[in-house]
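Undergrad: From just these sequences and the hints, can you work out the full model?
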Amino acid sequence: MSDSRRSDPVPQCPLRPGEPCTLCQLDVTGPQDCGLVYLVMHDPELREQFHAHQTARRAAHQEAVS
Numbered sequence: 000m001s002d003s004r005r006s007d008p009v010p011q012c013p014l015r016p017g018e019p020c021t022l023c024q025l026d027v028t029g030p031q032d033c034g035l036v037y038l039v040m041h042d043p044e045l046r047e048q049f050h051a052h053q054t055a056r057r058a059a060h061q062e063a064v065s
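Using the numbering used here, read the sequence shown as starting at 0 and increasing by one per residue.
Label-pair distances were calculated between CB atoms; the ranges are:
#	residue 1	residue 2	range
1	Q48	R5	34 to 44 Å
2	H41	R4	33 to 43 Å
3	L38	S65	27 to 37 Å
4	Q53	L22	15 to 25 Å
5	L38	D7	25 to 35 Å
6	L22	F49	13 to 23 Å
7	T54	Q11	14 to 24 Å
8	P10	F49	13 to 23 Å
Derived from the structure by calculation, the hints contain no laboratory data. Don't be surprised by glycine CBs; every beta carbon is placed ideally from N, CA and C.
TA: As structure tokens, then:
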């Protein structure tokens, strides 16, 4: 029987796609209770800016790949 250990999943930061949650807030356990994620996702103007930035980032990536 092998002694392989299962690693816990690493939560990903929804504001920095592809990067792990770095627990940058003092009492945060992951994105689910991050104050910054909450503020961005619950403020209509910030959420719109975030999505516009993501769309532009994806378009630039697609252009670079093509």
